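**Q** What follows is the residue order along each chain.
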Amino acid sequence: MQKSVIRRKKLSIGSFKLTKTDVSGWLLMLPFVILLIYLYILPTIRGVLWSFFEMKGYNVGEFIGLENYRIVLQDTSFLVTLKNTILYVFWSFVIGYLPPIILAVMLNEISVGKSFFRFTVYFPKMAPAIAISMLWYYLFYPNESGLLNMVLGFFGMEPSKWLQNSSMTIALIQVSETWRGMGAMTLLYFSTLQGINRDLYEASMLDGAGLWHRFKSITLPHLFPFMLINAVRQVIEVFQIMEQPFAMTGGGPNGASMSLGLAGYRYAFQFFKVGNALALNVIQFVMLMGLTIIYFKVKSKIDDDV
Amino acid sequence: MSKNKANGMILDVERRQPKIKLVYMFIYAVLILVSITILLPIIWILLSSLKDTKEFLQVPPTLLPKNWDFGKFIDVWHKSAIDTAYLSTIILVSGEVICSIVLNGLVGYALSRLKPKGSKLVFICILWLMMIPHNLSMVPKFISFIGLGLADSYLPFWMMAGCNLFHVLLFKDFFDTIPKALIEAARIDGCSELGIFMKIVLPLSKPIVMTNAIFTFTGGWGEFLFPYLMIKDTAMQPIAIKLFTLKEVLPVDEYMVALILAIVPPLLVFCFLQKYVLDGMEAGGVKE
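Protein sequences, first through last, are from chains W and C. Counted from 1, the first sequence has number 21 at position 21 by this note's numbering; the numbering is strictly sequential. Counted from 1, the second sequence has number 157 at position 157 by this note's numbering; the numbering is strictly sequential.
Bound conformation, chain C alone (with noise of 0.2 angstroms):
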């Protein structure tokens, strides 16, 4: 079923009767201001980003900034190292990316595929271990990590995004739907279960694989408050705390130009690949 072709409550016939015509209008009318919310403060900030400090705080407000500063950019970029703060951060979430493609894949392979005995029992504890609530286990899961010297590493983060139930779920119901007689045959060439994994069914799996790292990419882009309490090395922070602290040390309209670098790259990512995770989105929604 193609997505972009309607498929709601008005028929194909009714279209050109003058009542379903408005009903249309109403609707494109609600969507475009829904999106017009969405936008306006993006372009604020944007906009924002560009004017002094004197001009943000003046009165009355201008809309559009009166000299176009873009240098301003890269003074921020200097001035709060930002660019450290990318480079901790692309560290971390490579790392969170791997690991969970790896990790969950795995599982999700060996619950899909091979069902040993017994695998149900961990089936079972993903699903209710994906509902119970985590503010419980935060603070023992803290101490634990700090009793390992796991303080100012991103090690606990790569074990935390290697053990996602949610993406176990997604995986399994991928490899689901690969054919068995491809995974039967590799077996009989004597492949071992990790080498099927790697060599057939991973890349076979892009649209999952794609799904899992840009969700991965975003999340880990965007993690707070773990990171926050772990990691206190200023130059290991990730940009999420970095945004965080900086909200104290810069001026309003630098902050500004911050919260676009800190905003840009997830965005950019959503831009090229909106197939995948829109797709993933929806595929995890029915699944769930």
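One chain only, chain W, in its complex shape (with noise of 0.2 angstroms):
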């Protein structure tokens, strides 16, 4: 009887007819969307609109086109730095891509210590990034004292320099990444894995497959999607690297570990070329939303599969 009696309250403008629920649910909503707007879409926004402005400190300034686009796309290093993005995400690939899903699939495997090693891959997620930054840092630390280089001794051989080494840096910045964040993903792979009905290991046991085929026919392509869906976005993610090169290595040495996210920073903050970096920024937004577009089709068609 009441609820029919709720119901019935409604407001209406012209011919558009809210409801009571309608109401308190935007009521309730509000807070958020004024903070979604405020926080998400209006700096977009801005960052597209003032990137075509020459800024004076954080004022807008006259219009002037695509000056701060020619300034940044003809400074020497932009080449350069676009060049070290990809190595960052192509480190992350070669490095951090396969381990998450080995470690998963192993986990799946075992029932004793399973939490144990649940609780370990896990760990370093839980520190401050920059902590284990610093932590990187120093285990890399370029002289004898330096945890890697102390073991490299333990082996009879040379210190090396490690991020001090141009050649190396981007690489070993992924290497810390992928020992922070590796847990993180091996327990969504793992949750993946929690899916999988056990009567088809045991329909595929009896017809006589062993292991290796059943992991191809049957834990394999059921993990393809998720891998597939997190490649775009580690794509996406790797892409916008600037915390860990400014922490351990400050673009450094001469440059080598200089990303695109990194370079905008040092426009806003530290040169004072708020154009310039939002100029860089939008670059970086477009060659991004490609893939973002691309990351919504292949979710789209995987949830349609599903």
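Any given hint could turn out to be false.
Said to hold, decoys possible - Label-pair restraints from in silico Cβ distances:
id	chain 1	residue 1	chain 2	residue 2	range
1	C	Leu-39	W	Lys-56	49 to 57 angstroms
2	C	Asn-67	W	Val-94	39 to 47 angstroms
3	W	Ser-111	C	Leu-39	18 to 26 angstroms
4	C	Ala-29	W	Gln-194	19 to 27 angstroms
5	C	Lys-54	W	Val-151	15 to 23 angstroms
6	W	Met-227	C	Arg-16	31 to 39 angstroms
7	C	Leu-194	W	Met-227	39 to 47 angstroms
8	C	Val-102	W	Ile-293	28 to 36 angstroms
9	W	Glu-144	C	Ala-235	32 to 40 angstroms
10	C	Lys-54	W	Arg-70	48 to 56 angstroms
To be verified - Here are the computed lysine to any residue pairs in the SDA-like style, where the Cα-Cα straight-line distance is at most 25 angstroms:
id	chain 1	residue 1	chain 2	residue 2
11	W	Lys-161	C	Ile-38
12	C	Lys-117	C	Leu-202
13	W	Lys-216	C	Lys-19
14	C	Lys-120	W	Thr-292
15	W	Lys-301	C	Ile-126
16	C	Lys-21	W	Leu-211
Stated by the list, open to error - Which bits of chain C does chain W cover? Going by a derived footprint, with three or more residues having C-beta under 8 angstroms, they are:
id	region
17	26-32
18	96-107
19	239-245
In short, the hints are calculated from the structure, not lab data. Note that the structure is a prediction, hence the values are computed from the model and not measured. Cβ coordinates follow ideal geometry from the N, Cα and C atoms, glycine included.
Combine the two chains into a complex, taking the hints into account.
**A** This is how it looks when you write it as structure tokens:
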């Protein structure tokens, strides 16, 4: 009875009718929606808009068309930075893409010690990222007291310069990133594996299929969509890398680990050329939007299949 | 399905085959090796922190510190004002946790249960905004915060915590599982929607609230770049920034102490509440 009383209270504006639930629903969402506009939508629009203006400090000056873009693109370091950023993505795949998948598959096989290993792999992800960067900065300490040089010394090898060696810097930063983020990815794959119906394996075994065959014909096809999604997501994430080189190398040695994100940061907050920073960010944004669209295409295709 | 039972390709009947035993040995060898690579660096900074600078830089290096100088923890704590940094971080993070639970939770509730006309648009917005690159919005966001006079304030961070898209989705998914009848009953009793959320939905949602609180806590504890730009008052700087600035100031062995002091609180949270973290992590992963 009373339920219908509540439902009957309606606000109507012309032919557009709002129930009480609609009104209270929007009221509850109001603070969030305001924040969503203020923190996400507005800054993105402003970022694009202001990249066409001359920025005086943090104030908007005159419209200068593509001048900011010209400055950024003609800077000799642009291509190097772009190449570095692609290298970050490349190394993040070489070093970090397969281990979580392999670990998850292994973790799924065992029963004794499972919680211990789940705990340990996820462990570094809980610590502040900056602390992990600093930790690795000291592991890579270029004289003999760094942990890694201690290990090399133990095997009678010469100490390495690690991060100071410009051809290794990006790969090593990705080693530290893999160390930190591997556990989280492992658990994601692990929970995906939990969804496989065990009867499939049983049927497969009765057909005489060995472990490798079961992995190839059941496990891998089940994981594949998630592997695809995660690959795209990893490209999007690593392409924006900024804090790690900022903390570990400052972009050095000699710009060897400078990423697009860090270059944008330096334009904005070290050289105070906000217009240039925004132009660079827009360039990066456009490149990534392509990937984001691919991400949604892939994801909606997979969601349809599942 | 129990998470601690093996659920893999190897079936129970095969357990005793010698070939399978080899596979198991290989798996354990790899997992133990990975655990060592993860734990070794942590143990190393613990040991290094107890050495003095001379010993840290000594050639050949020592494995164990010569004298176990635990007094150094207290020295560094006082000398580097870690207590102030802890306190600022706790204020910063507590605000973030409250804002995150209330604001994101409300939206999750509205999207899950009330579904007001047009809320689908908000939902689609959230999905898209989660994926678009955030580098671009950083500088304009910074400028508008400064314009509002919010430098040296925690308010921007509380606002950002109250608008965490990922957490909204986690909340929504959880609220989808709460029985409709409970909410209807409260509505018939004349409870307002806010009242229903506070008195009925939140108390029923302890797991997701805990997961949210823990992730917000550890996230806030480690937040670096934006606080680094916004908070210039040293007394207000959270621990992550302290850690970055101390690198230039402290000798390396004392820096290791600071590093440990920064890492310990979130790790303690993880040790005691790991069930919520790991379950939340996996639940989030499936839905993403």
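**Q** All the hints need checking, so say for each whether the structure fits it.
**A** We went through each hint and held it up to the structure:
no.	hint	result
1	C:Leu-39 <-> W:Lys-56: 49 to 57 angstroms	holds (52 angstroms)
2	C:Asn-67 <-> W:Val-94: 39 to 47 angstroms	holds (43 angstroms)
3	W:Ser-111 <-> C:Leu-39: 18 to 26 angstroms	holds (22 angstroms)
4	C:Ala-29 <-> W:Gln-194: 19 to 27 angstroms	holds (24 angstroms)
5	C:Lys-54 <-> W:Val-151: 15 to 23 angstroms	holds (22 angstroms)
6	W:Met-227 <-> C:Arg-16: 31 to 39 angstroms	holds (33 angstroms)
7	C:Leu-194 <-> W:Met-227: 39 to 47 angstroms	holds (43 angstroms)
8	C:Val-102 <-> W:Ile-293: 28 to 36 angstroms	holds (34 angstroms)
9	W:Glu-144 <-> C:Ala-235: 32 to 40 angstroms	holds (39 angstroms)
10	C:Lys-54 <-> W:Arg-70: 48 to 56 angstroms	holds (54 angstroms)
11	W:Lys-161 <-> C:Ile-38	holds (22 angstroms)
12	C:Lys-117 <-> C:Leu-202	holds (24 angstroms)
13	W:Lys-216 <-> C:Lys-19	holds (19 angstroms)
14	C:Lys-120 <-> W:Thr-292	holds (20 angstroms)
15	W:Lys-301 <-> C:Ile-126	holds (19 angstroms)
16	C:Lys-21 <-> W:Leu-211	holds (13 angstroms)
17	26-32	holds (count 4)
18	96-107	holds (count 4)
19	239-245	holds (count 4)
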